[in-house]
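*Asks:* Those protein sequences? They're chains A and B, same order as listed.
My numbering puts the first residue of the first sequence at 26, with every later residue one more than the last.
My numbering puts the first residue of the second sequence at 16, with every later residue one more than the last.
Take these hints with a grain of salt, some might be off.
[Claimed, not checked] These stretches of chain B come out as covered by chain A in the derived footprint (C-beta under 8 Å, 3 or more residues):
#1 33-42
#2 74-84
[What the hints assert, rightly or not] Quick list of in silico lysine-lysine cross-link-like pairs, DSS-like style, CA-CA up to 25 Å:
#3 A/Lys45 to B/Lys123
#4 A/Lys66 to B/Lys37
#5 A/Lys66 to B/Lys111
#6 B/Lys123 to A/Lys80
#7 B/Lys72 to A/Lys91
#8 A/Lys45 to B/Lys37
#9 A/Lys66 to B/Lys80
Everything labelled a hint here was simulated from the structure, so no lab data went into it.
Ideal Cβ positions, reconstructed from N, Cα and C, are used throughout, including at glycine.
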Amino acid sequence: GAVVSQHPSRVICKSGTSVKIECRSLDFQATTMFWYRQFPKQSLMLMATSNEGSKATYEQGVEKDKFLINHASLTLSTLTVTSAHPEDSSFYICSARVATGGTGELFFGEGSRLTVL
Amino acid sequence: AQRVTQPEKLLSVFKGAPVELKCNYSYSGSPELFWYVQYSRQRLQLLLRHISRESIKGFTADLNKGETSFHLKKPFAQEEDSAMYYCALSGGGGFKTIFGAGTRLFVKA
Numbered sequence: 026g027a028v029v030s031q032h033p034s035r036v037i038c039k040s041g042t043s044v045k046i047e048c049r050s051l052d053f054q055a056t057t058m059f060w061y062r063q064f065p066k067q068s069l070m071l072m073a074t075s076n077e078g079s080k081a082t083y084e085q086g087v088e089k090d091k092f093l094i095n096h097a098s099l100t101l102s103t104l105t106v107t108s109a110h111p112e113d114s115s116f117y118i119c120s121a122r123v124a125t126g127g128t129g130e131l132f133f134g135e136g137s138r139l140t141v142l
Numbered sequence: 016a017q018r019v020t021q022p023e024k025l026l027s028v029f030k031g032a033p034v035e036l037k038c039n040y041s042y043s044g045s046p047e048l049f050w051y052v053q054y055s056r057q058r059l060q061l062l063l064r065h066i067s068r069e070s071i072k073g074f075t076a077d078l079n080k081g082e083t084s085f086h087l088k089k090p091f092a093q094e095e096d097s098a099m100y101y102c103a104l105s106g107g108g109g110f111k112t113i114f115g116a117g118t119r120l121f122v123k124a
């Protein structure tokens with residue numbers, strides 16, 4: 026099956042620094058990737074839709090300048106949390122959909138736990 | 016607006032008992048509906064899609080457009096079914112997928 030890999034799985038950073046999380050589709054091409062945020066014991070909240078070769082589409086309430094998304098290739102999307110604050114601490118999950126011939130199914134990365142001190 | 020509602024945060028049943036996880040949705044067009052499952056310490060994965068109308072691991076889900084529901088059912092729960100279940104809705108094509116709050120199923124021995 027299709028595999029999505031996220032890196033790093035865990036990251037701890039100081040307040041005010043920036044952190045980059047990578048999401049890769051290992052064995053398929055993904056024109057669209059999605060970034061979710063999950064708070065403890067809560068559901069996945071869609072942050073943005075990452076489109077290869079174009080700007081990401083952010084959900085209402087998500088700061089574009091805070092959460093920079095780049096989707097430079099058909100297999101890689103990155104999420105950069107800029108000037109991180111403790112309230113940005115969360116579990117970030119990316120997912121991807123097969124570009125062509127897919128079923129609409131989302132394939133998920135293992136998630137990245139960010140802790141901002 | 017798209018919305019997915021899972022009214023139960025926790026559902027606890029005994030092994031062998033029937034189980035039904037409820038999901039209701041709100042969408043103006045023709046949605047694609049999914050159930051995703053997350054077992055302990057594993058990533059989210061697809062359980063089933065309404066389009067395929069299949070049974071996976073004994074689970075089935077029927078789309079009821081009149082009631083805007085997509086409840087997940089299994090006649091005889093197994094302990095290995097214990098997991099977090101999310102109902103999800105997509106507008107189709109490259110549209111975004113949104114998730115319900117999730118229901119944790121606990122199957123007791």
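*Asks:* Taking the hints in turn, state whether each one holds.
*Replies:* These are the hints, each one checked on the structure:
1. 33-42: This one is violated; 0 residues, fewer than the three required, reach chain A with a Cβ under 8 Å.
2. 74-84: violated (count 0)
3. A/Lys45 to B/Lys123: violated (41 Å)
4. A/Lys66 to B/Lys37: holds (18 Å)
5. A/Lys66 to B/Lys111: holds (22 Å)
6. B/Lys123 to A/Lys80: violated (47 Å)
7. B/Lys72 to A/Lys91: Status violated; Cα separation ~41 Å.
8. A/Lys45 to B/Lys37: Since the Cα atoms of lysine 45 of chain A and lysine 37 of chain B sit roughly 37 Å apart, the hinted pair is violated (cutoff 25 Å).
9. A/Lys66 to B/Lys80: Violated, because 29 Å separates the two Cα atoms, which is more than 25 Å.
Hints 1, 2, 3, 6, 7, 8 and 9 from the list above are not met by this structure, while the remaining hints are.
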